[in-house]
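Trainee: Sequence:
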Amino acid sequence: MDEEAQMQTCHILDLPWEDVLVPHILCFLPLQHLVSLQRVSRQFHSLIQVYLANCRTFDLSSIGPSVPKEAFCSMLKDNKVLHSLCLSSCSDWVTDKELLPVIGQNQHLQRVDMSSCVGLTRHSLVAVSLSCMHLLHLGLAHCEWVDSLSLRSLADHCGGLQSINITACRQLKDDAICYMAKKCLKLRSLSLAVNANVTDESVEEVAKNCRGLEQLDLTGCLRVRNQSIRTLAEYCPKLQSLKVNHCHNVTESSLDPLRKRNVVIDVEPPLQRALVLLQDVLGFAPFINLQI
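Note that full-length UniProt numbering has the sequence shown beginning at 1, numbered continuously upward.
Honestly, the hints are just simulated from the structure, not real lab data.
Remember, it's a predicted structure, so these values are computed and weren't measured experimentally.
Heads up, some of the hints might be wrong.
Quick list of the computed label-pair ranges, beta carbon to beta carbon [as the list claims (entries may be wrong)]:
| # | residue 1 | residue 2 | range |
| --- | --- | --- | --- |
| 1 | GLU201 | GLY104 | 32 to 38 Å |
| 2 | LEU37 | HIS123 | 55 to 61 Å |
| 3 | LYS77 | SER253 | 54 to 60 Å |
| 4 | SER41 | GLN107 | 31 to 37 Å |
SDA-like, lysine to any residue: derived pairs with alpha carbons at most 25 Å apart [claimed, not checked]:
| # | residue 1 | residue 2 |
| --- | --- | --- |
| 5 | LYS243 | ASP200 |
| 6 | LYS183 | THR121 |
| 7 | LYS97 | CYS86 |
Note that beta-carbon positions come from the ideal geometry of N, C-alpha and C, so glycine has one too.
Please work from the sequences and hints to get the whole structure.
Mentor: Quick look at the structure:
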């Protein structure tokens with residue numbers, strides 16, 4: 001009886017790894033659980049390495065600060081099929097030394113997020129542009145090392161780019177942004193926020209070249225004026241969202257036509273702002289019936 005029971009007992013590791021465990025079980029586990037599983041036994045460590053070598057998405061946003069850089073290099077050393085890589089919470093430790101080998105052997109990457117990775121340099125962006133010809137989405141928010149030369153390299157080699165976030169990339173000026181707009185005609189989402197170098201020239205070039213633009217973030221672009229917002233309204237019929245908070249030279253005269261097209265704008269109309277202010281002063285919502 002004991003022998004029969006033993007024969008009927010099946011350990012999870014007895015299941016086919018690449019046909020069952022990797023595509024149908026491990027793919028549903030969070031990365032932190034996979035990392036923990038590696039410590040269970042040598043067999044589990046080998047299994048997780050097989051999974052990591054074949055995974056298409058690698059997202060460290062939830063556990064990045066707790067991952068040693070050596071572990072990062074080890075986990076991806078055999079992977080050549082990544083489609084998505086997120087390092088947005090790895091600013092404490094990731095440098096070019098860790099990232100360049102991963103980029104170099106993953107030429108099918110479509111989404112890369114390096115937001116706030118202050119330890120990287122322009123060499124990482126150049127490597128992405130040269131290796132990842134099929135790149136669609138790129139996050140570079142708060143990467144102040146992004147300069148004109150590296151952005152031009154990106155534009156030259158990744159013309160299919162659909163979204164890019166270059167919030168607070170303060171080295172960038174109109175010339176680099178205009179160059180990108182002329183090369184990346186398929187842009188649907190763009191953030192130029194928190195950059196005092198951005199002027200109407202950049203916004204107009206984006207509007208005239210990227211006719212399929214759906215989302216634009218100009219928050220804190222103090223030199224943007226009504227003229228470019230009117231150009232945006234004229235050339236971008238698919239625009240769905242516009243952020244112009246703290247753009248003090250953008251007024252309702254240019255925003256109103258966009259509101260009438262149901263574009264979501266992050267600043268309220270003057271009348272609505274006045275009602276909110278009145279409510280704050282009075283302590284209750286005034287009963288005012290206004291026809292606009």
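Trainee: If a hint holds in the structure, say so; if it doesn't, say that too.
Mentor: Checked hints:
Our hint of 32 to 38 Å for GLU201 and GLY104 holds, since their Cβ atoms are close to 35 Å apart. The hinted range of 55 to 61 Å is not satisfied by LEU37 and HIS123, whose Cβ atoms lie roughly 34 Å apart. In this structure, LYS77 and SER253 meet the distance hint of 54 to 60 Å, their C-beta atoms being roughly 57 Å apart. Between SER41 and GLN107 the beta carbon distance is about 34 Å. The supplied range of 31 to 37 Å therefore holds.
With a C-alpha separation of about 15 Å, the suggested pairing of LYS243 with ASP200 holds against the 25 Å cut-off. Among the hinted pairs, LYS183 with THR121 is consistent with the structure: their alpha-carbon atoms are about 23 Å apart, no more than 25 Å. Using a Cα cut-off of 25 Å, the hinted pair LYS97 and CYS86 holds, with the two alpha carbons roughly 17 Å apart.
Violated hint: 2 only; the structure is consistent with all others.
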